[in-house]
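Undergrad: Chains as they are written, first to last, in the numbering used here: chain B, 1 to 265; chain F, 1 to 780; chain Y, 1 to 159.
Honestly, the hints are just simulated from the structure, not real lab data.
Which residues of chain F face chain Y? A few of them, derived with a C-beta cut under 8 angstroms, are:
no., residue
1, T20
2, P201
3, R712
Label-pair ranges, simulated between beta-carbon atoms:
no., chain 1, residue 1, chain 2, residue 2, range
4, B, E83, Y, N54, 19 to 27 angstroms
5, F, A478, B, A3, 43 to 51 angstroms
6, B, K137, F, K447, 54 to 62 angstroms
7, F, L31, Y, G70, 27 to 35 angstroms
In this text, a Cβ means the ideal position worked out from N, Cα and C, and glycines have one as well.
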Amino acid sequence: MYAFQYHRPTSSKDAVSLIGKKPEGKYLAGGQSLVQAMKLRLSSPSDLIDLGSVKELSGIKVSAAAVEIGAMTRHAEVAASAEVNKAIPALAALVGMIGDRQVRHMGTLGGSLANNDPAADYPAAVLGLGATVAAGKRKIEADKFFKGLYETALEPGELITSVSFPVPKRAAYMKFKNPASRFAIVGVFVADFGGKVRVAVTGAGPCAFRQADMEKALAAKFAPESVAGIKVKPDGLNNDLHASPEYRAHLITVMAKRAVEAALK
Amino acid sequence: MGASLIGARVERKEDYRFLTGSGQYTDDVALPGQTYAAFVRSPHAHAVIKKIDFQKAKNQEGVLAVYTGADLANAKVGGLPCGWLITDVNGQPMKEPPYPSLAQGKVRHVGERVAVVIAETLAQARDAAELVQVDYEVLPAVVDPKKASSSKPIHDIAPNNTCYVWALGDKAAVDAAFAQAAHVTKLDFVNNRLIPNAIEPRSANAVYSRASQDYTLYVASQNPHVERLLMTAFVLGLPESKVRVVAPDVGGGFGSKIYLYPEDVVVTWASKQLNRAVKWTAERSESFLSDAHGRDHVTTAELALDKDGKFLAMRVKTTANLGAYLSTFSSCIPTILYATLLAGQYTTPVIYCEVTSVFTNTAPVDAYRGAGRPEATYVVERLVETAAREMKLDPVEIRRRNFIRQFPYQTPVALCYDTGNYEATLDAALKMADVGNFNKRKEESAKRGKLRGLGYACYIEACGIAPSNVAGSLGARAGLFEAGEVRVHPTGTVTVFTGSHAHGQGHETTFAQVVADRLGLPMEAVEIVHGDTSKVLFGMGTYGSRSIAVGGTAIVKALDKIVAKGKKIAAHLLEASEADIEYDRGEFRVAGTDKKKMFGEVAFAAYVPHNYPLDKLEPGLNENAFYDPTNFTFPAGSYVCEVEIDRDTGATRVAAFTAVDDFGKIINPMIVEGQVHGGLTQGIGQALTEGCQYDDSGQLLTGSFADYCIPRAGDVPQFQLDTRETPCTHNPLGVKGCGEAGAIGAPAAVMNAITDALGVKDIPMPATAQTIWRSMQKAA
Amino acid sequence: MTVTVSMKVNGKPVSAQVEERTLLVTLIREQLRLTGTHVGCDTAQCGACTVHMNGKAIKSCSIVAMQAEGAEILTIEGVAKPDGTLHPMQAAFKEHHGLQCGFCTPGVVMNALDFAKSHPSPSEQEVRESLEGNLCRCTGYHNIVKSIMAGARTMAGSK
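This is chain B alone, in the form it adopts within the complex:
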């Protein structure tokens, strides 16, 4: 790990102000991706602005229409939240599949989204539920948030403060794990808002994306057979040791079908 300067602000205002003075600095949320990258010397921020003491960034608020989660809320807290489990069980289940127990005790929503790893789970929920990402006063729609490989709509120094997830009629997430890393080779989040259906895929492309043909078919009839026959084009999908674009394309259909089955249960 390269040397850096460490800062521990206690408000998001101070955090944002600090990073304004440190153009090569980075926010440190849970650190479960960033610290790893720094250990392998793949990332070398001049400064780390630790958000761990910014209390206002943590917490879960549930209303009839939406679940709002603070950016620094740990995965374990979301996964175990009775309120989240009641309002959007698919969201709690997805968060319970991130990494492993130890990682979930540190990892955060904001950290995951800002990093935007192509195989991360949270982006599938954000996009699949059509959530709104709040960066202070700026509200960014999910459809405009994920820009590309590790690339988001966040401006330099901009800080995610919370995310608001609309409550769907029913939803489910199915993940086909990379056996080694436990990230998603393909994860599909399906949400039915009563006539309007969103299908979001993670792991398969440079960042999470929606599967329009499946959304259309499911809007017409929310049933597994609506997607079972849809063949996804492998063009542009990720290719690595563990899965070819063709295999990923196939898995998108399988996972989508299973997600619909699960949502109907």
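Position chains F and Y against the provided structure of chain B, taking the given hints into account.
TA: Then chains F and Y, alone, in the frame of chain B:
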């Protein structure tokens, strides 16, 4: 004493320290004046080093030294030796290229050590290592063993990258048998390359004393005496008496910590140059690049059968990848420990095996749990199962028709099995696995959209290596005996020193059971010491499932000497004839009387020899013994695996795994079961998840746990285990060894189950979900 | 640049001068010399470095020491009773042979202790899932699973 301790499930003596964080692994050792080493490693698989500029690194704060290959060459530090000379088919010695500890002008695999930076702190060493500038002229690399002979030479000494072509068996007889065969089964496959990945990374910490002019090396090693012998005699040219090697608690080995590694040499040498303690501990990324890997065979195998499924002959041609350099035992793995096992449990009358071992621009390949025997078992058991399917015979029945039933049995591939009962383990496994109801389970799986398959493997292994004279005649450059010493203290407690080394096997418990049982003492009265050349008289270490069979026997022989001397002392004390003294459970008795002396009384007399036959007998009660086995031991067993494959994704779940082993006599069943569980899991890993991959330029693609998948808890089932017992005939404990069995038998069982489920002839390992999906796509 | 970091480790307040880039595990092992917490990888998979931070199992290789400022840290050295008696979870590992080389063991036990708090009578499946963040190369997990199931029940029973 009550019941025998042999066969008792005694809880382990070592557990308390491991469970409370009091274990002492090499990286836990902090020496006064500790410094830290970081290695600069080659990013290229094959390149000429044009220039190394380390001035900037050397000038960094805290940096004490930067050494390169030139420094070692100037100091006349030798290359690492290979411990086994293979003689090729033309009677010529294998090609033995130099294996320098720091590269000499050329690098031959990614991760090879080019320079070392030593600094006051680890962070300083690592920061400075990054500043070492190396100019490389990149050369074309070869990673595929089948392309090695037609690729640019890696070593001048081996122009076609071939180390040797070696053969075993009667080729003419085999060819003749094939010409007569009613059926021939042929398979082409790769035995996938594996990366051992003991969870404790390799580590070495050396210190030199100017006062006594000696070195102490703490190192994560399976065999500290072997490490010392190789380093002093062949590399550093030091007297062994001036080097102490300590292998303290070692966090798993699986073969990968047998070898003398360059890092061990460098820190030891540097400790004298700097007159400071120098420590290096591998980061996991370095382990992936530079630990010796395992397996990596490309094989064509054929089995000739008569019309009834009786095996007539086997013909095997293998290309083995040795990597860029000859690691300590690399040369004997794909030859001596492989071809000799091709008879398996069967009476195949003639067998011929030809092995071409090649150099490639990859990490060295050497023994990894099983070492040659998993590869042999895979050949035999995949062939047998495939032949049964092709001939429409029950795979169980075809095995029964060919089992060896008369012992001793001389195989056509050099080994002589002393004992075994293959029907017994197979029958037990069939029953335990409830094979009779397999079809019901298959139907039930099908209802859930899953394909269920059943596979068998009946393995044999040669353990307890080895009779030194036999090994020597086959090219071994070391003896393969073991040493033990029993030191009885004046109060009758006992410390036993063994040349075996435990890195998870629990010798402190099992060996103590043997000693306590033989002497009739409580377990608490026995301490086992291992892993320190300054304490243990000598040792060849732990690998090849040899510890109890060879190391345990050495202890038994020393115990026999203790009892013999004790009888002399007791005879004197009891005023009886030595011939009349019997020893039983802690008591020396005059036969047929109630006159006796306790073990402790005899020990006390030996150390306080007031009433003692000093004219005839030395005082003290301390004996040692060396034991050189007269044969290998032959653990064998039958494994039954059931898999369930998801039709949609290709993902495989091991639904059930039954293992019935014959390890001869068992000292501690709890520990034996643990060994089998671990071995099976590594075998399942080879079959399903683990596969080392390099790209064509020699970059390691599976260089972390995020890409190289060792099994997790969710990847394996609860295992069903049992044992059958035919005691080994040539060691006094009747033991055979159990450390590698699981890793040897499991891959074939899993792959037989997968090919059964899919109805295909073959599928490559590791059978990942994608691999299986592709196979299903092809079939569809 | 060094900074001061303070926390409670195994119930005792500690304060140390560290470089800002110091990982929590490095502080624990190298400065506090609590070497029961191990490092088995550099990509956060193996879990050998697992400790509790404020009662929750985390990987001490995945955070910098400064993130633990003011926290309560529990390492394997703080698990047994002061008189040396093993904690029921540790005892279960001994009884069921849930360890071999011992290297992954502290991390596995620390994770299990945390897991058992919320799972007083876990199923085999739950235990296997709970071990997703721990790698063991020796035991094949079979006896680790048995140990945790037994240890969790004993813990629940002794409350």
